[in-house]
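Participant: The residues making up each chain are set out below.
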Amino acid sequence: MKNCFINGLSAISTQDTFESDFVNSLKTVNPNENILRATEPNYKAFIPPAAIRRMAKGIKMGVATSAKALEEAGLTQVEAIITGTGMGCSQDSEKFLKNILDNHEQFLTPTSFIQSTHNTVAAQIALRLACKGYNFTYVNGAVSFESALLDACMQITAADIASVLVGGIDEYAAHTFSLYELVGFIKDKKNVPFSVLNPTTKGTVFSEGATFFALENTKNASTYAEVVDIQLRNKLTSAELPTFIASFLEKNNLETSAIDVLIVGNNGDVEFDGFYKEAMHGFKDSIHLYYKHLSGEYNTASAFGLWVAANILRQQEIPEILRINAIEKKGYRNIVLYNQYRGLDHSLVLLKSVN
Amino acid sequence: MDNLKLELKTKIIETLNLEDLSVEEIADNDPLFGDGLGLDSIDALELIVLMDKDYGIKLTDPKEGKSIFQSIQTMATYIEQNRTK
Numbered sequence: 001m002k003n004c005f006i007n008g009l010s011a012i013s014t015q016d017t018f019e020s021d022f023v024n025s026l027k028t029v030n031p032n033e034n035i036l037r038a039t040e041p042n043y044k045a046f047i048p049p050a051a052i053r054r055m056a057k058g059i060k061m062g063v064a065t066s067a068k069a070l071e072e073a074g075l076t077q078v079e080a081i082i083t084g085t086g087m088g089c090s091q092d093s094e095k096f097l098k099n100i101l102d103n104h105e106q107f108l109t110p111t112s113f114i115q116s117t118h119n120t121v122a123a124q125i126a127l128r129l130a131c132k133g134y135n136f137t138y139v140n141g142a143v144s145f146e147s148a149l150l151d152a153c154m155q156i157t158a159a160d161i162a163s164v165l166v167g168g169i170d171e172y173a174a175h176t177f178s179l180y181e182l183v184g185f186i187k188d189k190k191n192v193p194f195s196v197l198n199p200t201t202k203g204t205v206f207s208e209g210a211t212f213f214a215l216e217n218t219k220n221a222s223t224y225a226e227v228v229d230i231q232l233r234n235k236l237t238s239a240e241l242p243t244f245i246a247s248f249l250e251k252n253n254l255e256t257s258a259i260d261v262l263i264v265g266n267n268g269d270v271e272f273d274g275f276y277k278e279a280m281h282g283f284k285d286s287i288h289l290y291y292k293h294l295s296g297e298y299n300t301a302s303a304f305g306l307w308v309a310a311n312i313l314r315q316q317e318i319p320e321i322l323r324i325n326a327i328e329k330k331g332y333r334n335i336v337l338y339n340q341y342r343g344l345d346h347s348l349v350l351l352k353s354v355n
Numbered sequence: 001m002d003n004l005k006l007e008l009k010t011k012i013i014e015t016l017n018l019e020d021l022s023v024e025e026i027a028d029n030d031p032l033f034g035d036g037l038g039l040d041s042i043d044a045l046e047l048i049v050l051m052d053k054d055y056g057i058k059l060t061d062p063k064e065g066k067s068i069f070q071s072i073q074t075m076a077t078y079i080e081q082n083r084t085k
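Protein chains in written order, with our numbering: chain G, 1 to 355; chain V, 1 to 85.
The hints are simulated quantities; they were obtained by calculation from the structure and are not laboratory data. It is possible that part of the hints are untrue.
To be verified - Under the rule of at most 27 Å between Cα atoms (straight-line distance), these lysine-lysine pairs were calculated in the BS3-like manner:
| no. | chain 1 | residue 1 | chain 2 | residue 2 |
| --- | --- | --- | --- | --- |
| 1 | G | K330 | G | K277 |
| 2 | V | K53 | V | K85 |
| 3 | V | K58 | G | K95 |
| 4 | G | K284 | G | K330 |
| 5 | G | K98 | V | K85 |
| 6 | V | K66 | G | K98 |
| 7 | V | K85 | G | K95 |
| 8 | G | K98 | V | K63 |
| 9 | G | K98 | G | K219 |
| 10 | G | K329 | G | K251 |
Can you build the whole structure from these sequences, using the hints too?
Facilitator: Shown next as structure tokens:
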């Protein structure tokens with residue numbers, strides 16, 4: 001059986017993660033905003049101008065980050081492209097549906113329709129690379145990215161695939177986000193400032209982003225980390241969470257004491273915060289980190305969490321802005337990421353240092 | 001006619017997201033497809049819908065399109081002669 005190594009990565013997020021280095025890119029966001037927007041780079045270096053003009057933000061973010069991850073890994077081609085997205089290409093979907101309503105189902109144009117499907121990003125990457133290999137998109141709520149990652153690792157470890165591009169993409173779309181505000185998934189602006197770590201209100205600060213990883217079956221001098229295992233569970237009670245985590249560790253022959261860092265997906269929703277408290281309670285001797293105070297929440301924000309974890313393992317450095325507790329370790333070998341959204345879509349990812 | 005050509009240039013830039021182009025940069029006789037603006041078959045569909053929606057012109061013969069969509073000038077001439085709104 002082969003192992004699954006992260007040899008390249010790239011992220012577009014609310015932070016300056018696309019162009020800056022890991023430690024310097026992470027900055028505090030405005031605590032009075034309930035919706036954060038991704039910082040966009042100049043896409044022209046990565047996407048031909050003729051193609052850019054038809055792409056909505058999510059597609060541009062996905063194509064650019066996949067290109068950069070691939071470039072960093074020194075690859076020009078991959079054998080599989082796997083993406084995860086909770087909401088897909090929402091901007092073009094909204095545009096197309098609005099056209100239907102505004103024009104009474106007449107005069108429908110093709111561009112927004114053909115780019116509105118959830119697998120548009122994976123398809124655009126494949127077109128750009130002329131990649132005829134396995135191409136799949138997972139749309140599984142808040143485990144969309146982890147589902148893609150699980151498939152990617154299975155392709156490498158079990159299906160003898162040498163290289164995979166895997167990523168998570170979700171974009172801001174005005175109408176969808178206004179509905180989220182209406183049902184209380186997005187925090188009410190009356191309750192500013194928002195705290196992710198010590199929330200008193202329901203809902204989260206929503207955002208958008210794209211994060212891609214170039215995975216290979218071999219490691220090299222610039223490998224970030226090894227993806228050891230991924231476990232998903234659709235529904236859990238907080239009382240069942242310790243068993244879920246324990247069985248995951250047991251499966252990987254690890255004790256909690258072997259986990260140097262636990263990265264949790266706290267998103268500031270007081271209603272579902274208990275899951276993260278429970279998870280941290282089980283890793284009393286580990287360093288606890290969080291990241292959604294920097295990235296905001298979206299269905300594939302956990303890919304940003306993996307980006308954080310991979311960078312920590314390669315650089316062996318933890319930016320202070322990520323810390324929840326003050327525990328220190330001499331080095332970081334094993335990292336567990338735990339995420340859930342509104343009590344559903346629980347995921348555990350185990351990442352190991354290659355040094 | 002000049003107003004119509006200006007209107008067409010603005011609409012084409014907006015509809016086809018030609019972000020890098022301004023109205024002034026599109027000459028009346030620049031080819032829309034190929035070497036000129038570099039439009040493609042998806043853009044052609046967008047232009048057909050634009051003709052129908054904004055000027056009430058239904059293009060039924062695909063062969064017509066080639067001459068109508070040659071340039072802003074040919075489009076404007078055809079619209080002036082055939083528009084129903």
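Participant: Now tell me if each hint is right for this structure.
Facilitator: The hints, checked one at a time:
About 25 Å separates the Cα atoms of K330(G) and K277(G), which keeps this hinted pair within 27 Å; it holds. Taken as a hint, the K53(V) and K85(V) pair is honoured in the structure, with Cα atoms around 9 Å apart against an allowance of 27 Å. The hinted pair formed by K58(V) and K95(G) meets the criterion: a straight-line CA distance of about 23 Å does not exceed 27 Å. Pair hint K284(G) plus K330(G) holds up; C-alpha atoms about 17 Å apart against a cutoff of 27 Å.
Distance hint between K98(G) and K85(V) is fulfilled; the C-alpha atoms sit about 23 Å from each other, no more than 27 Å. For a cut-off of 27 Å, the pair hint linking K66(V) to K98(G) is broken: about 30 Å separates their Cα positions. For a cut-off of 27 Å, the pair hint linking K85(V) to K95(G) stands: about 25 Å separates their Cα positions. Restraint check for K98(G) and K63(V): not satisfied, since their Cα atoms lie roughly 31 Å apart, outside the 27 Å limit.
For the given pair, K98(G) sits about 48 Å from K219(G) by alpha-carbon distance, which is inconsistent with the 27 Å threshold. Of the supplied pair hints, the one linking K329(G) and K251(G) holds, its CA atoms being roughly 24 Å apart against a limit of 27 Å.
In terms of the numbered hints stated before, the structure departs from hints 6, 8 and 9, listed from lowest to highest.
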